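Chains as they are written, first to last, in our numbering: chain A, 13 to 315; chain B, 331 to 618.
A couple of the hints might just be wrong.
[Claimed, not checked] Some chain B residues close to chain A (C-beta under 10 Å, calculated; not the full set): (1) Phe377; (2) Trp450; (3) Ser463.
It should be emphasised that the hints constitute simulated quantities derived from the structure, not laboratory data.
Because the structure is a prediction, the values reported are computed rather than measured.
Just so it is clear, CB atoms sit at the ideal spot from N, CA and C, and this is done for glycine as well.
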Amino acid sequence: MAVSVDEAVSPGPVRDHTPSARRFGGRGRSVLEVALLTVLAVVMLFPVLWMIETSLKENRDVYAIPAKFFDFKVTLDHFKDVFVASGGGRSTLSVAFLNSVVVAGVSTALATVLGVPAAWAYSRFAVKAKKDQLFFILSTRFMPPVVVVIPIFLMYRQVGLIDTKLGLILIYTAFNVPFTIWMMKGFVDEVPAEYEDAAMLDGYTRLQAFWRFTLPLLLPGIAATAVFALIFSWNEFVFAIFLTSSDNVRTAPPAIAGLIGGTTVDWGLVAAASVVFALPVLVFAYLVRKHLVAGVTLGAVRR
Amino acid sequence: MSDRWLAVAFISPALLLLLAMSVFPLLWALYLSFTDYSATRGGPAHFVGFENYTAILTSAQVHLRALTTLIYVVGAVTLQTVLGFAIAYLISRRTHGRGLLTTLFLVPMMLSQVVVGLFWRFMLDAQFGVINSMLGSLGLGQVEWLTRQRTALISLIVVDTWQWTPFIMLIALAGLTAVPKYLYEAASIDRASEWFRFRTITLPLVWPLLLIAVLFRAIEAFRLFDLVYILTSGGPGVSTETLSFHVYKVAFLGFNTGTASAYGILMVLVVIVLTQLYLRYLNKLKED
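For reference, chain A alone in the conformation it holds in the complex (with noise of 0.2 Å):
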C-alpha cells in the first residue's frame, strides 16, 4: 500500500463522481465542507498561534483580562530574556539550547552509524531468528519511559553517568536505534540486490558494493530517518528530567518546564522560549513531510 504524504496530496482519486443532475446539491456540500475544514484548521492551529502572539506581547498584555487579540504593542523583549541572562551575559535557557544540540546531534549521529548498517544486514542476508530479533529491536521502542528510567537511573548512578551529556547521549542513541533499523530497513528492501551482485560481479567485495553502490542510494532515507530521530531527542523529556539536573548538563525541554516551577509564571517567557524551541522542529519535519507517514510509525507501514 502506498503511503507517503507525496501521493496522499495528489489530485484526488476520491474525488466526487456526482452526475451533473445533482450537481447544485454537491456544491453547497462542497461549500459546507470547506467551511467544516477551515474551523477545524482554526482550531488546531489557534493554541500554536496563541503563543507566537503571546511570546511577542509585553507583559501587561499578555496578562490583560480579557484576552488582547489584536490591539497590543509588538516587542522583543521575552526572545532577548530567552537568550540573555537578565544581569548580562548568556541565560540558563540558552545553555540549556545549547546542550539539547550537542544531545540530540551527536545521539543521532550514533543512532544513524549504527542503525543503518545494521538495516542493511537484516535487509540482505538470511539472519537467524530475523522476525524475532527484529521484534524484539520494536518492542525496546514501546516501553514505558517512565519504567525504564527507574533502573537506568540506578545504573547511572553506579557508573557515574548521572548528570552528563554522555548518558543522555547513550540513552538516546539506544531509544533511536530500533526506530532507525525498521525504517531503514524499508528503505533498503526497495534498491534492488542485484546492484549489489552486479557490482561483485565486477570484483567488487560485498562489503564495497554496499559502500560504493547502495549507500549513496540510501541518502536520502538516512536524511529522512535522521531527521526524525532529531525531532524525537530534540523533544524528549522524561530521561532528560530524571537523569540530569544542573543547568549545564540539562537540555532544552526540561528547563523550559522549569520556567513554570515559581509562585508566578512569566508567560511570554515561557511562550518566547517555547517558540524558539520549536522552530527547528517544525522545519526539520517540514523537510521530511514526504516520510511522515513511515516516520511516524516506525517506518513499519510503508508498503
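With chain A held as given, fit chain B onto it using these hints.
Same frame as chain A, now just chain B:
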C-alpha cells in the same frame, strides 16, 4: 569478509547497545520487583517474593489509577480517531490546497509534549487564560479547567486529542488515497449512494490501516507521562493520575524502588500484549 561475518559485524553493535540500555535495565527492574529495595535508603535488597505484585494488584489506589488511565486512553483515542478520520475524509475530497492543509494540520504532532503542555496550561488558566476569556465574552461562565476534578481529566483528553488527531489524520489520509479509483467509478455506474460507497468501499479498505493507528496511539497514550506532569501533575487530588504518573510518584517521591519496579513490569506486560496485536495486524496488512 564472508557475508555471515559481515552480517554479524553490522548487526551486533546495535544489538549490544539495546541489550545494555534496554534489556539489562529491564532485567534489573525485574529483579528489583521481587525485593524491598529503596533507592534512597540504600542498603541490601531483601527478597520478598511476589509481595510487591500482590500489593499492587490488590491496591484500591492502583485500581483507581487504572480506571483513570482507561478513561483517558479510551476517551482520547476515540476522540482523535473520529476527528482525525473526519479531517482526512474532508481533505481527501479536495483537489486544491491539499498539501498545504495536510502540512498545517500536522503542526501539533511535531511539537514537544512539554511545549504542548505549557501552551495549554496557559490557555486553560482559570484567571487570564484565553479559553475562559472567550467563554466570558460569549456570556458563558468561567470554568476552572485544571483545578476541578472532572474538568481536569477532560482537559487532559482534549490536549492529547489536539496533539494526536493529526497522527490519525495522516494515516487515514494515506489509506483513503490508496483506495483504487476504479472502485468508485464502478459504484457510480451502479448509481450507488454516497453513504453506500462510503460504507462498502471506503471504510473496509481504510479500516485495517486505521486500526493500526488506533493501536499505536493506545500504546502511546498508555505510556503517557510528560503531558500529565506538565499539565496537572496528577491533580487536583489524584483525578488525573494515570498509571505512568503513579509509577513515577512511587519511584521518585516515595522511593519505593522495589514496588515501583513491580508496577513497571506489569505495565510493560500490558504494552507487550498491545504491541503483539499491533504487529499481528501489521503483518496481516503487509501480506495483503
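Classify the hint on Phe377(B) as holds or violated, based on whether any CB of chain A lies nearer than 10 Å to its CB. violated, 17 Å
With 10 Å as the cut and Cβ atoms as the points, is Trp450(B) at the interface with chain A? holds, 7 Å
Closer than 10 Å between Cβ atoms is the bar; does Ser463(B) clear it against chain A? Give me holds or violated. holds, 4 Å
Hint violations for this structure: number 1 only, all remaining hints satisfied.
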